[in-house]
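There are 2 protein chains.
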Amino acid sequence: MAKQNIYDNEVFFSEYRKLRKREVNANNLFELPTLFSLLPDLTGKRILDLGCGNGERCTDYLKRGAARVTGIDISEKMLAAAQIENSDPDITYLKMPMEDIGSIDDTFDVVLSSLALHYVEDFSGVVKNVYRLLCPGGIFLFSQEHPFTTCYSGTADRWTRDENGKKLYANIADYCVERRNDSKWFVEGVQRYHRTFSTIVNTLADTGFRILKMAEPCPTEEILHKYPEYCDLYHKPDFLFVKAVK
Amino acid sequence: MAKQNIYDNEVFFSEYRKLRKREVNANNLFELPTLFSLLPDLTGKRILDLGCGNGERCTDYLKRGAARVTGIDISEKMLAAAQIENSDPDITYLKMPMEDIGSIDDTFDVVLSSLALHYVEDFSGVVKNVYRLLCPGGIFLFSQEHPFTTCYSGTADRWTRDENGKKLYANIADYCVERRNDSKWFVEGVQRYHRTFSTIVNTLADTGFRILKMAEPCPTEEILHKYPEYCDLYHKPDFLFVKAVK
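Chains as they are written, first to last, in the numbering used here: chain A, 190 to 435; chain B, 190 to 435.
Chain A on its own, in the form it takes in the complex (with noise of 0.2 Å):
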């Protein structure tokens, strides 16, 4: 199967750095708070962190108490800039694809991963090899783009607006239809594999996971009244994390 590496585009990586260097993005307002309220206790736990990039989470994860943390990527770039700017005695950095972790001999005892299985075609292989890596009652958290999201095409109008230019209505098609998505972000033809709630669910479930917790983040109040662009998120979240244990 197909494993897309376009963090190692010029263009997409140099667009990507910039966006994430931003303050305000729905990364730092949105993901990134849920990521960190949805971590079990990390003290003295063996991290696995699938598309780690730059290495930012590794740190993270190891001020939070981590033992030590893996990180793994397919992009060379990336990690590049992971050895830069989250280099740490406690922290490995592994070039390779998630969907070759199965290769890994090691045990953890939480899995991460933060925006990243949306790339990936084979859900259900990396999942079943996260299961096996992760020791009993080791915990399995990701994020990933929302399923809303997920399954735009690259052609599709994502919204049906008024005749001011308000957003009504997110517009969804073909939501039950699986598939390879490739769109235009920086670059055209980035990749992304939109699955339903019921498969995403499902995978874990068939493979053994017990989910403890989902959420679909949106804007506080108080995010809202500074940065009121983001009021489109009530139609449709921008993310979806699973928290699940083996």
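Worth flagging that the hints you see were computed from the coordinates, not collected in a lab. Watch out, some of these pointers could steer you wrong.
What the hints assert, rightly or not - In silico DSS-like cross-links for lysine-lysine, where the CA-CA straight-line distance does not exceed 25 Å:
1. 435(B) - 402(A)
2. 317(B) - 432(A)
3. 192(B) - 266(B)
4. 284(B) - 252(B)
5. 355(A) - 356(B)
6. 355(B) - 415(B)
7. 402(A) - 402(B)
8. 356(B) - 284(B)
9. 432(B) - 402(A)
10. 432(B) - 317(A)
11. 252(B) - 210(B)
12. 207(A) - 266(A)
13. 284(A) - 192(A)
14. 207(B) - 432(A)
15. 435(A) - 432(B)
16. 355(A) - 355(B)
Every value quoted in this text rests on a predicted model; they were computed, and no experiment measured them.
Chain A is already provided as a structure; the job is to place chain B on it using the hints.
For chain B alone, coordinates are given in the frame of chain A:
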């Protein structure tokens, strides 16, 4: 909290009965086959059916080997129909809103509910009582209107169409805003409670249930060939099923 009894409305009751008697309807094509496919082995089991209506399913469960079935419903008219159409020494009908099942002094192996829970405001209260009424290892299987449907308010345009009237997109608005939506279905003021996927999953998980399966039924190619008008279910499924174990 409000307990809705729309099925005792004269007009609603008679129109609803007509709809369900039509041979081709979404219930027969999609809801029922999915419900049956997700049923555990009922042989010798004690069943509770929440929102049993005219008792058709209670008879089905007996035919599938159940030892006894208790059907509860808030509607006197539906239960009167049940006594005539689906009477059996092994079926007990109780006139009771779902919110009051805490008063039942009994234990069940399987609790089932077909298309009723979206009428209930206190979902969490019902789930807690179901958990208490189930024996260890007992199964809770329910269907409800899909969250893409419950999130429609009475006044919203459900679809964006092209110039020929073809449905292009399901219009999703305020998915993240959990609320009661009053809309017209045969009569004005039918109340549905909108809950997100996260709330449904978390309510079950927090109560102690382990989620085994989720389903969002879609037409098979065979059904689509016969009834092409159901192609819009690919955009937006009508029903959501969840199967969980205590």
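Hints versus structure:
1. Only pairs whose Cα atoms come within 25 Å are accepted, and residue 435(B) paired with residue 402(A) is accepted, the gap being roughly 16 Å.
2. In summary, the hint linking residue 317(B) to residue 432(A) is supported, as the alpha carbons are separated by about 21 Å, within the 25 Å threshold.
3. As the CA atoms of residue 192(B) and residue 266(B) are separated by approximately 16 Å, the hinted pair is consistent with the 25 Å bound.
4. This hinted pair checks out: residue 284(B) and residue 252(B) have alpha carbons roughly 23 Å apart, not beyond 25 Å.
5. Restraint check for residue 355(A) and residue 356(B): satisfied, since their Cα atoms lie roughly 22 Å apart, inside the 25 Å limit.
6. Of the supplied pair hints, the one linking residue 355(B) and residue 415(B) holds, its CA atoms being roughly 18 Å apart against a limit of 25 Å.
7. Distance restraint check for residue 402(A) and residue 402(B): the Cα-Cα separation of roughly 15 Å lies within the 25 Å cut-off, and the hinted pair is therefore satisfied.
8. For the hint pairing residue 356(B) with residue 284(B), the CA-to-CA distance comes to about 41 Å; that exceeds 25 Å, so the pair is violated.
9. At roughly 16 Å between alpha-carbon atoms, residue 432(B) and residue 402(A) fall within 25 Å of each other, so this suggested pair holds.
10. The hinted pair formed by residue 432(B) and residue 317(A) meets the criterion: a straight-line CA distance of about 21 Å does not exceed 25 Å.
11. At most 25 Å may separate the alpha-carbon atoms for a hinted pair to count; residue 252(B) and residue 210(B) meet this at roughly 20 Å.
12. With a CA separation close to 14 Å, the supplied pair residue 207(A) and residue 266(A) stays within the 25 Å bound.
13. A threshold of 25 Å between alpha carbons decides the hint, and for residue 284(A) with residue 192(A) the separation of about 13 Å falls inside it, so the pair holds.
14. A threshold of 25 Å between alpha carbons decides the hint, and for residue 207(B) with residue 432(A) the separation of about 44 Å lies outside it, so the pair is violated.
15. This hinted pair checks out: residue 435(A) and residue 432(B) have alpha carbons roughly 19 Å apart, not beyond 25 Å.
16. Under the criterion of a C-alpha separation no larger than 25 Å, the hint pairing residue 355(A) with residue 355(B) is consistent with the structure, at around 24 Å.
When each numbered hint is compared with the structure, violations occur for hints 8 and 14.
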